[in-house]
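My request is simple: use the sequences and hints to build the entire structure.
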Amino acid sequence: MAIRNSLNGQFLRRSSFAGARFMSSSWFRSIEPAPKDPILGVTEAFLADQSPNKVNVGVGAYRDDNGKPVVLECVREAERRIAGGQFMEYLPIGGSIKMVEESLKLAYGDNSEFIKDKRIAAVQALSGTGACRLFAAFQQRFHPNSQIYIPVPTWANHHNIWRDAGVPMKTFRYYHPESKGLDFAGLMDDMKNAPDGSFFLLHACAHNPTGVDPSEEQWREISFQIKAKGHFPFFDMAYQGFASGDPERDAKAIRIFLEDGHLIGLAQSYAKNMGLYGQRVGCLSVLCEDEKQAVAVKSQLQLIARPMYSNPPLHGALIVSTVLGDPELKKLWLNEVKVMADRIIGMRNSLRENLEKRNSPLTWHHITDQIGMFCYSGLTPEQVDRMTNEFHIYMTRNGRISMAGINTGNVGYVADAIHEVTRSGYVADDMDQVTKSY
Amino acid sequence: MRPPVILKTTSISVTYSSPCDRRLSTLARHFVSVCDPMASEDNISASPTAASDSVFNHLLRAPEDPILGVTVAYNKDPSPVKLNLGVGAYRTEEGKPLVLNVVRKVEQQLINDLSRNKEYLPIVGLADFNKLSAKLIFGADSPAIQENRVTTVQCLSGTGSLRVGGEFLAKHYHQRTIYLPTPTWGNHPKVFNLAGLSVETYRYYAPATRGLDFQGFLEDLGSAPSGSIVLLHACAHNPTGVDPTLEQWEQIRQLIRSKALLPFFDSAYQGFASGSLDADAQPVRLFVADGGELLVAQSYAKNLGLYGERVGALSIVCKSADVASRVESQLKLVIRPMYSNPPIHGASIVAGILKDGDLFNEWTIELKAMADRIISMRQQLFDALRSRETPGDWSHIIKQIGMFTFTGLNAEQVSFMTNEYHIYMTSDGRISMAGLSSKTVPHLADAIHAAVTRAL
Chain A
1 MAIRNSLNGQ FLRRSSFAGA RFMSSSWFRS IEPAPKDPIL GVTEAFLADQ
51 SPNKVNVGVG AYRDDNGKPV VLECVREAER RIAGGQFMEY LPIGGSIKMV
101 EESLKLAYGD NSEFIKDKRI AAVQALSGTG ACRLFAAFQQ RFHPNSQIYI
151 PVPTWANHHN IWRDAGVPMK TFRYYHPESK GLDFAGLMDD MKNAPDGSFF
201 LLHACAHNPT GVDPSEEQWR EISFQIKAKG HFPFFDMAYQ GFASGDPERD
251 AKAIRIFLED GHLIGLAQSY AKNMGLYGQR VGCLSVLCED EKQAVAVKSQ
301 LQLIARPMYS NPPLHGALIV STVLGDPELK KLWLNEVKVM ADRIIGMRNS
351 LRENLEKRNS PLTWHHITDQ IGMFCYSGLT PEQVDRMTNE FHIYMTRNGR
401 ISMAGINTGN VGYVADAIHE VTRSGYVADD MDQVTKSY
Chain B
1 MRPPVILKTT SISVTYSSPC DRRLSTLARH FVSVCDPMAS EDNISASPTA
51 ASDSVFNHLL RAPEDPILGV TVAYNKDPSP VKLNLGVGAY RTEEGKPLVL
101 NVVRKVEQQL INDLSRNKEY LPIVGLADFN KLSAKLIFGA DSPAIQENRV
151 TTVQCLSGTG SLRVGGEFLA KHYHQRTIYL PTPTWGNHPK VFNLAGLSVE
201 TYRYYAPATR GLDFQGFLED LGSAPSGSIV LLHACAHNPT GVDPTLEQWE
251 QIRQLIRSKA LLPFFDSAYQ GFASGSLDAD AQPVRLFVAD GGELLVAQSY
301 AKNLGLYGER VGALSIVCKS ADVASRVESQ LKLVIRPMYS NPPIHGASIV
351 AGILKDGDLF NEWTIELKAM ADRIISMRQQ LFDALRSRET PGDWSHIIKQ
401 IGMFTFTGLN AEQVSFMTNE YHIYMTSDGR ISMAGLSSKT VPHLADAIHA
451 AVTRAL
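Residue numbers (this note's numbering), protein chains in the order written: chain A, 1 to 438; chain B, 1 to 456.
Since the hints were derived computationally from the structure, they do not count as laboratory data.
Since the structure is predicted, the reported quantities are computational estimates derived from the model, not experimental observations.
Idealized CB from N, CA, C, for every residue including glycine.
Be aware that a few hints might be false.
[As the list claims (entries may be wrong)] Partner residues are not named here, just some residues of chain B that face chain A (Cβ under 10 angstroms, in silico):
1) N117
2) K118
3) P343
Below you can see the structure in the form of structure tokens.
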């Protein structure tokens, strides 16, 4: 009180009465506390846990075999080159042109005719989330009566993104709990039955959260079906390079669609494959009929970005364009991304072996069939709770395990825990259990 | 326009014996569809994988952003005497962008610290940065901070802070109208509209005096519905450079509190206006001192020269710590579907500077130097117009404050200055003083003189 008075002496004498009379309670008093984010909340809980055995297989951020976060060498080198030499002026609304160019080459192919013909409308975005949000807002503006079909299950934040953009959601079957693989027949059926010209969200590779991807042959059939129905394919590609270790291979689905003549939309993220998580670097692209249309679409995307954040952040974009634009650094990056992917594949093998060694009554081949950062273990929410409460192993309640959190030091312990909670032989085998947990 | 390719699939089985068959059938289907009698003659595509019609075919090309588009036009101009007085980015006397010494120092620290990683920040951003930003705007000894009544979240510069605040209010506040001053930064109405609020205006600038229309200001807020949100420029009003005096702020505050209006401050120039961080924060602190609630969007684009790194913060001062905590949890739900969490680099630089006493002091000196250079440009331009005996009263140039001067020139005159003198500015007559130097002031003065006298 004394401090307040001494700061604002005369003003306060006159004003405090008015203040007291008219503001007796908060304008925000009726605000409910929001539920914790189901994914990011896991890490918060993990950090608070004191147990020396704790394992975080929650959020999808890569860890090395010592459980430590990694900053890639190619990134460190790029940062050394950038530091001290750059101005920090505003990027254009659409972001770094160089970074966007390199991103398009990575996704569409170095020699893509679409790049040559300038048919791709593309803007730098705030990682994958930002790219999806820009597209969702764009979809709402120019197709206000449309909906987005999302796979079941999908990354939890997809729901939030299209909802906040004002686009209603429908679902299509994707994960097959009994086989822990793809429900291909259900997927094709749902695509056939959706009204012509619907918008479909597809995970280009390393489906999150299941790790279940269509085979190349299945992708071709999906492409055909989407073409037949005139659907719009929107790809979320958050793991290019990270899934198989080879960016070209991970872009296969996209290349198939491009060959088949689709005009795709694409969200790219450098969070995982370049380890740039917190820098928030990504790219949104929309393939158009011709250059003129690409110019128009890009200009409209910019109209959406400007009132959201004006222009995207510089630093991360500089890192990406420095790495991808320099042949030596790009080579280094390709090696490093393969190392990360290989370690994960190695851990998949190891976890599966460990579980099979323990004579588990269940099958675990899905661990190695699935691909990318995540494994859909098949654990029920109750089993997940036991993993956390009894074994201090943190994961999301849908049974999703981030393989990046597994290392040679803890794979045995995690296998023990999984074995312990699944002794009864019961796992999630219906979609209600899988989906209600988020 | 080529008609849509209609694929008739009923007669063709969906299963194939090999990928090869699949490809051939896909090709065949393209030719089958061409027999559609409704199609025009020119429908046999040369390429078997012709592009389908785009679902975004109906889009028109959007106009350039009126502010950022100025720089686009400037960049295209080959003239050696061109001058960019459009976007508000600081330039040195040599006309170059400036990266502050303190920024370079912290950049180096970050690079040399190999223990740093690039993990996701929490949704609300870097904790240190948030605390330090709140202290910067509210004062280190602010009772609101001490009582934990403030929630601060890192956002993407001023724009991002305004947008997150706007979306939060549209979801949780009982009034969905925000009052903006006339004129205001061109992006404000768009930010708040897209956030879900409807926009009204209050009188602000008096063209006749090139000063504040205080009467109109009070009248318009006085007739606003109780509870309406009011956007206030904390200092260095953009685009006019016209600020209320502290006495006027006090009257504004009383009116706002008496009508239970909700103040939302846009603070993009703290320290940049007068050269003093504390002086520029007075209007905000006045409001906090009365114990009431408010929102503040802070930007470090100008005062720390971090434009492209997009660093800012949204603070909401609440009546109680409990409310502040619930508000913060809801802010996260706005942020997560927009970009998940904010970028680390810029915030790390800011935190590095604010928490180090020496760097902080060094910053205040660099900040004052920038503000002083701008004030000096104002004086030089004023003197130059006076010496040319350019008709009109140009004292507003030295009375207005901050990065911008609202010259009073109209769109036609602006256009003339662009075409004849290669001077780039927004069509409302706003010039960025930061883009001027002693060398270029004469050219600008000539242009203004010509624009004003040609009409006579």
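Hinted contact B/K118 with chain A - closest CB pair below 10 angstroms: The hint holds - B/K118 has a Cβ within 10 angstroms of chain A, the shortest such distance being about 5 angstroms.
Holds or violated: B/P343 as interface residue toward chain A, Cβ cutoff 10 angstroms? Nearest chain A Cβ about 4 angstroms off; hint holds.
Restraint satisfaction for B/N117 [CB to CB of chain A, less than 10 angstroms]: Where the cut-off is 10 angstroms and the nearest Cβ of chain A is about 4 angstroms from B/N117, the hint holds.
Checked against the numbered hints above, the structure violates none of them.
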